[in-house]
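*Asks:* Take a look at the letters that make up each chain.
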Amino acid sequence: MNRINVNFCGVEFKNPVIPASGTFGYGREYEQFYPLSKLGGISVKGTTLHRREGNPGPRVAETPSGMLNSVGLQNGGVDKFINYELPNLVTKDTRIIANIAGSTVEECAELAEKLNGTAVDMIELNISCPNVKQGGAAFGTDCNVAGAVTRAVKDVTEKPLMVKLSPNVTSITDIARSVEANGADAVSLINTLLGMRIDIKTRRPILKNNVGGLSGPAVFPVAVRMVWQVANAVKIPVMGMGGIATWEDAIEMMLAGAGAVQVGAAIFADPYAPVKIAEGMQRFCEENGIANISEIVGTVKPW
Amino acid sequence: MYKQGKYPIVSKKALAKGVFDIEIYCPHIAKEARAGQFAQVAAEGFFLRRPISICDIDKNKGTIRLVFEVRGHGTDKLSELNKDCLIDIIAPLGNGFKVLEKGKKAICIGGGIGTPPMVGIAKEYGENATVISGFRNASAVILQEDFKAIGADTILCTDDGSAGIHGFVTDAFKAELNKEKPDIVYACGPMVMLKNITKICEENGIYCQVSLEQRMACGVGACLVCVCRTVKDGQEFNSHVCKDGPVFDSKEVLFHE
Chain A
1 MNRINVNFCG
11 VEFKNPVIPA
21 SGTFGYGREY
31 EQFYPLSKLG
41 GISVKGTTLH
51 RREGNPGPRV
61 AETPSGMLNS
71 VGLQNGGVDK
81 FINYELPNLV
91 TKDTRIIANI
101 AGSTVEECAE
111 LAEKLNGTAV
121 DMIELNISCP
131 NVKQGGAAFG
141 TDCNVAGAVT
151 RAVKDVTEKP
161 LMVKLSPNVT
171 SITDIARSVE
181 ANGADAVSLI
191 NTLLGMRIDI
201 KTRRPILKNN
211 VGGLSGPAVF
221 PVAVRMVWQV
231 ANAVKIPVMG
241 MGGIATWEDA
251 IEMMLAGAGA
261 VQVGAAIFAD
271 PYAPVKIAEG
281 MQRFCEENGI
291 ANISEIVGTV
301 KPW
Chain B
304 MYKQGKYPIV
314 SKKALAKGVF
324 DIEIYCPHIA
334 KEARAGQFAQ
344 VAAEGFFLRR
354 PISICDIDKN
364 KGTIRLVFEV
374 RGHGTDKLSE
384 LNKDCLIDII
394 APLGNGFKVL
404 EKGKKAICIG
414 GGIGTPPMVG
424 IAKEYGENAT
434 VISGFRNASA
444 VILQEDFKAI
454 GADTILCTDD
464 GSAGIHGFVT
474 DAFKAELNKE
484 KPDIVYACGP
494 MVMLKNITKI
504 CEENGIYCQV
514 SLEQRMACGV
524 GACLVCVCRT
534 VKDGQEFNSH
544 VCKDGPVFDS
554 KEVLFHE
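Chains A and B, in that order, are what the protein sequence lines are.
So the first sequence is numbered by my numbering: it starts at 1 and just counts up by one.
So the second sequence is numbered by my numbering: it starts at 304 and just counts up by one.
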C-alpha cells in the first residue's frame, strides 16, 4: 500500500519527491535511468518568456559538500516548453510543475497566462534566481515587490501558484507572509545561497559570473531552519528543498514543516537519488506504523 | 542508455608522474561505449563526479580504460583506488567520434592529457592512423606503445625536445600534411592547440573533430553548466560539452583566447 502519496495544495502526488527545477531538465536525460512515473512530479527547468542563452562558462564550481552554479536560466523559452517538452512530459504519469521566471512583473504574468489551458499541474514562480540581472532574486528579496509579482500572476493564472523563495534575505518569513497575503497557494524554499570561490593561482573567481548559487548537502541545515520558520509563519503549504540527499533528509524536512520535498544537486552525484528517497520514505512509514507520510508534516517537537 | 554502477578495477598502472591508467570491468558499458565518449567518476568524499574520457574499450574482455591526470584533490582521491577496488561510474556519456569507413586515413592529435581518447579512435583505423602526440617533456610521455601496438604511425613531440621532435603538435601536423592529407582529423588537448588545428584543417579543407573539456555537474545534459560557445548556420549559441559533445565538428566551436 502506498503510504507516501500526498495532496499538496489540491494536487495529488503519488509521492512527495520532486526533482528540483534546473537539476533535471525536462526529464529526458534521467528517463534513461528509470521511468519518470516513479517520481511524485517534476519541477521543470526555469522557463522564461523568450529563449535565453544563460551566462558564459565556467558555470560550476565544486564546494565542500556542494556546488556553486551560475547557469543563468538558459532555456528555450515558454513556447518551446509548451510545444515540445510538455507533450512529451504529459505521457509520463507524473505531476508537472512549471517553473517560470520573468524579467518584469508583466512578463511573469504573461508566462502564467500562456500556461493556462495546458497540462501543467502547478506553477512555481521563481522570484529567487541569483544568476540573472533582471527579475530573479531582485523580486524575491523585497517584500513589496515579491507581493506585487505574486499578485500579478495570481490574477491571471488558473493553476495552483507556488512561489519559490530566496534564502538571501534578512527575514524569509516576512517574504513568505507577503506572498501569502497576495494570493500564493504555496511556497517552495530554499533556492540557492549566493556564494563565491576564487582560484588562488589566477586570483580569478572560478565562476565567470564571479558569484553563483550554492546547493548540495552543505545548505541542508539552513534549508531545514528556513522551512521550519516559514511553516510556522504561514498557513499555506511549504515545499521544502535545499541539500536533500537521503530519505532521512526528506523525513527531516517534512518534520520541519514541508508537505512535499524537492531534490536537486544530489541527483548529480546519484541519478537515482529521488527514487531511492521515495522508497526509503515508504519503508520508514511501514516500519513506524505511519499510515501516510502527511501525518509527520510539521511534527517536530521544538525545545 | 546511460548506466551507473560500481565496477571492479582489474588493473592499475602509473603511466607517468601523476598520470594513472585504470581498466574497469563493466561489460554492459563496454558493449555500448564508443571512442570519444566519457565516464562520470565518483571520488569518495567529493560532491561532484569527475568527467574522464574513455581511453580504450575492449568489448571482448568487457572492460574500458580510463587514463587521468591528478589535477586536484578529487582526482588525487581517485588515484588511490587500486586493483580489485570498486569504482562508481556513469557511462557511456556524450557523443563519440565519427568513424569513417574502412580504408580511410586519419590523423589523431593529442596534447598532454588530451592524448588518451586518441587510443580508442586510432584503433578504428589501425595502420591507416597517424597519431601525433605532444607532451611537456620526456617524463610526461604516455601511451606511445599503445599506438604502436595498434599499428598506427606515431609522431612524438615535446615542448623541450627531451623526447621526439622539439616542438608543438601543430608543427608536426603541418609537416605531415605536406606528405599526405588525411580523410579526417581528430584532436583533443588544450583549447589553443584545438584552435590552431581547426585553423589548419580549414585552410586545407580537411574535416576535423575536436573533443572538448569543461567543468561538469550532471554529465548527462540536464544541469547545463558545462557550456561551450558554438556556431551553426551562422547562428551562435551555447552548447553543452556533456551532451552535445564532448566531440564537436571543429567548425562549430567558437574558440576564444
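What the hints contain is simulated information worked out from the structure, not anything from laboratory work.
It is possible that some hints are incorrect.
Stated by the list, open to error - Here are the simulated lysine-lysine pairs, DSBU-like style, with alpha carbons at most 35 Å apart:
(1) A/K201 x A/K38
(2) B/K380 x B/K484
(3) A/K80 x B/K408
(4) B/K320 x A/K133
(5) B/K334 x A/K208
(6) B/K408 x B/K502
Claimed, not checked - Ranges between beta-carbon positions, derived for each pair:
(7) B/D391 x A/P35: 32 to 38 Å
(8) A/K133 x B/G454: 54 to 60 Å
(9) B/R374 x A/L194: 25 to 31 Å
(10) B/G429 x A/Q32: 29 to 35 Å
(11) B/G429 x A/E12: 37 to 43 Å
(12) A/E248 x B/L389: 22 to 28 Å
(13) A/E12 x B/G321: 24 to 30 Å
(14) B/E539 x A/A291: 39 to 45 Å
None of these values were measured; they are calculated from a predicted model.
Where a beta carbon is used, it is the ideal one built from N, C-alpha and C, also for glycine.
*Asks:* List, from low to high, the hint numbers that the structure doesn't satisfy.
*Replies:* Numbers 1, 2, 3, 4, 5, 7, 11, 13 and 14 - these are the hints that the structure violates, sorted from lowest upward.
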